[in-house]
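Visitor: Protein sequences appear in the order of chains A and B. Residue 255 in my numbering sits at position 221 of the first sequence, and the numbers go up by one each step. Residue 97 in my numbering sits at position 63 of the second sequence, and the numbers go up by one each step.
Worth flagging that the hints you see were computed from the coordinates, not collected in a lab. Where hints are given, some of them may not hold.
You can't tell identical chains apart in this list, so a pair holds if it fits in one copy or across any two.
In silico DSS-like cross-links for lysine-lysine, where the CA-CA straight-line distance does not exceed 25 Å [unchecked claim]:
hint: 1; residue 1: 85; residue 2: 448
hint: 2; residue 1: 85; residue 2: 451
hint: 3; residue 1: 165; residue 2: 120
hint: 4; residue 1: 262; residue 2: 249
hint: 5; residue 1: 85; residue 2: 450
hint: 6; residue 1: 450; residue 2: 165
hint: 7; residue 1: 221; residue 2: 287
hint: 8; residue 1: 287; residue 2: 312
hint: 9; residue 1: 385; residue 2: 120
There are 2 protein chains.
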Amino acid sequence: MSVRFYNCRILTMSDDTIIEGELWTDNDRISYIGPAKSVSDKRFDREIDCKGNLLMPGLKNAHTHSAMTFSRSLADEYCLNDWLHKAIFPREANLTPEHVYWFAKLAYADYLAGGITACFDMYFHKYENAKAAVETGFRHVFCGAANDYGGFDMLEQNYIDLNDYDPLVSFKLGFHAEYTTCEDNLKVMSDLAHKYSAPVYTHISETSEEVDGCKERYGVTPAVLFDKLGIFDFGGGGFHCVWFTDEDRDIFKNRDLWSVFNACSNLKLASGITPVYKFIEKNMNIAIGTDGAGSNNALSMFREMYLDTVLSNVETHNTAAVDPFTILKAGTSGGALCMGLNDCDVLSEGKKADIIMIDMNKPSMQPENNIVRNIVYSADNDCVKMTMIDGKILYEDGVYTTLDICEIIRECNKFKKDLV
Amino acid sequence: MSVRFYNCRILTMSDDTIIEGELWTDNDRISYIGPAKSVSDKRFDREIDCKGNLLMPGLKNAHTHSAMTFSRSLADEYCLNDWLHKAIFPREANLTPEHVYWFAKLAYADYLAGGITACFDMYFHKYENAKAAVETGFRHVFCGAANDYGGFDMLEQNYIDLNDYDPLVSFKLGFHAEYTTCEDNLKVMSDLAHKYSAPVYTHISETSEEVDGCKERYGVTPAVLFDKLGIFDFGGGGFHCVWFTDEDRDIFKNRDLWSVFNACSNLKLASGITPVYKFIEKNMNIAIGTDGAGSNNALSMFREMYLDTVLSNVETHNTAAVDPFTILKAGTSGGALCMGLNDCDVLSEGKKADIIMIDMNKPSMQPENNIVRNIVYSADNDCVKMTMIDGKILYEDGVYTTLDICEIIRECNKFKKDLV
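Kindly produce the complete structure, drawing on both the sequences and the hints.
Guide: What follows is the structure in structure tokens.
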């Protein structure tokens with residue numbers, strides 16, 4: 035498959051300039067970005083007149099639990115601890131691989147509609163989920179979710195299998211969190227990181243109660259604990275990072291670890307507001323995720339990016355506390371690098387063709403005082419005209435090319451009764 | 035124009051139940067809501083198979099400055115005071131009626147795409163704006179914006195003219211704010227309210243600096259001052275209400291005044307977070323607005339409703355601090371009653387046909403664990419399939435019936451250079 039996009043504007047995300055011209059794809063890669071060019075000697079499978087619409091790298095959802103779409107609007111009245119133990123864990127005990135297959139597909143439909151071209155997903159029934167990803171054509175990076183209730187027995191096998199499953203699928207070592215993982219298991223985690231010289235990812239400092247509990251058990255914060263145990267010796271990162279201390283930030287900065295923000299989920303579960311500006315002041319590696327649909331409840335990177343930009347303003351009493359382009363970088367190239375997708379970070383020749391088209395005829399994208407700011411401050415899923423992953427157009431003008439949305443909705447509502 | 039919507043689900047907003055059946059319109063009114071019904075003896079101009087999609091009352095944007103779309107992404111680095119004096123007021127000095135006409139149309143396009151069927155708008159060049167509203171078919175309620183720099187001389191004439199202009203247009207007495215209006219002018223405002231037995235609306239307690247300044251000048255908060263001056267003797271309300279004291283809330287409660295929330299603008303301008311739960315605990319009259327595009331920067335009632343629901347969670351450490359249905363009421367019927375649109379609050383026979391259709395095939399509306407919560411917690415403009423005002427479909431499947439979006443965008447970007 036080769037596509038020629040012409041009459042387009044292109045935000046490569048290498049910097050914040052917007053160039054006018056063409057972008058060509060050849061199979062899974064970008065083959066040309068530059069001024070309009072004669073194509074008499076070249077054939078494309080498809081030529082798309084973009085009519086001035088904007089191409090940019092797909093958004094990267096750097097922390098999610100895709101198949102948790104089952105729990106959207108199901109138990110909105112609980113804080114994190116009760117939400118997990120009273121609402122989520124009992125239902126997850128009944129989740130079958132088939133459930134995960136369909137609810138992951140529902141999440142992919144949501145991602146594609148919202149311009150998301152890759153997700154960093156922590157959940158279970160991973161093989162059935164991988165099947166759903168490949169059928170959809172979605173770029174899915176699994177994160178280990180091991181904890182004391184299970185997963186450590188399978189972690190190494192998952193790592194081997196799912197890194198050799200399909201070019202669209204990969205697997206990163208990870209565990210659920212300190213408060214669900216005893217010290218012995220944390221040491222297993224560290225040993226595995228060392229065995230494979232691999233980065234490790236986990237939920238970290240999501241609530242103040244989590245940090246207090248860790249301090250009671252170990253006398254230190256989770257970041258300090260994991261660092262001491264050698265878990266981060268080969269990189270990785272943490273999800274949420276709401277209650278990081280300056281020392282935690284220093285550890286993450288010094289080790290080039292990724293801090294992944296989840297603003298909506300943290301608000302909804304009453305966990306707290308991440309001081310995003312403190313991470314940016316230290317020039318840390320940052321990325322953005324939606325968390326699962328049970329605690330967000332959308333899967334919109336636009337809403338996340340907006341909140342990551344404005345939520346620091348009140349605390350700092352500074353409307354320039356967080357620069358919107360820095361947040362757009364976190365939501366695109368940052369997320370890609372966080373999850374090891376080094377060829378999906380920006381648009382340039384030779385990089386993967388994971389591209390979205392923003393509809394500049396949407397009123398929320400106008401006037402064009404500053405297109406980058408329009409994206410961060412006022413765009414939503416309605417502005418996504420097309421989503422391409424690995425050189426294939428999977429969503430265009432509201433239509434999915436690989437997903438049957440009616441079938442997915444029917445199956446998800448059928449299964450829903452097993453889980454309520 | 036008469037329309038039969040069949041195979042639909044209907045959330046009337048009289049309560050939170052969803053009924054299945056049909057909704058008929060006859061000119062500007064709803065003529066039937068109920069079970070599927072034989073129509074052999076009745077002719078409609080159009081019959082729409084809703085295929086299970088949801089009809090509900092249009093969202094009401096209860097505080098906005100529509101034509102401020104000119105300032106979207108223009109000066110995002112200022113707090114309220116500097117933003118007004120350095121970025122906005124100098125540019126507004128150059129705003130012509132023609133600018134307002136086109137930038138208001140851009141806002142209408144945004145409103146219609148986001149399921150908004152009426153706005154409560156505080157701005158100037160009102161006659162040219164009224165023309166834009168009527169051409170669009172948009173229901174526009176003007177709010178007086180008088181202050182010491184101008185507007186008091188025209189307030190009564192605007193009130194008379196614009197309440198007799200067109201059924202889609204009305205006008206409410208209002209002034210900009212305490213900090214821009216001297217005591218003599220506040221007394222003029224009060225006299226006019228008494229002359230017409232009319233409600234009065236204003237910006238109120240948006241920033242802590244505003245409240246401090248009012249206390250320095252008068253020894254009391256703005257709400258107490260306005261109450262003492264008799265400004266609220268015939269009702270009305272306030273926009274923002276971020277820094278209300280308990281006494282302010284009591285005044286608003288006892289006088290049945292409307293508190294209108296603007297969460298996004300208050301975050302972006304670093305003004306603060308409104309403790310929405312305190313207004314709900316007192317069972318006060320509440321409504322929701324986007325404020326202008328310069329300080330939001332979207333014009334999305336979905337994003338507002340989401341934030342009004344979740345932003346109280348962190349302060350209260352209670353994920354049930356604010357009930358989503360209460361917020362959806364504020365965003366629909368609350369807004370309508372706030373701005374005097376007593377026939378646009380809920381869907382029932384005889385009420386105005388100001389109706390939107392939510393696309394239930396959007397992944398963010400699935401699964402159907404709780405449709406009301408899906409709307410508040412995860413919907414965005416992408417879920418709006420149709421927007422009808424006064425019985426006329428103005429937006430359907432992304433297409434405008436009365437607006438030429440390309441022309442609007444062209445004109446707005448042409449004018450943009452006059453204002454930067």
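Visitor: Which of the stated hints cannot be reconciled with the structure, identified by number in ascending sequence?
Guide: As far as the earlier hints go, 3 and 9 are violated by this structure, in ascending order.
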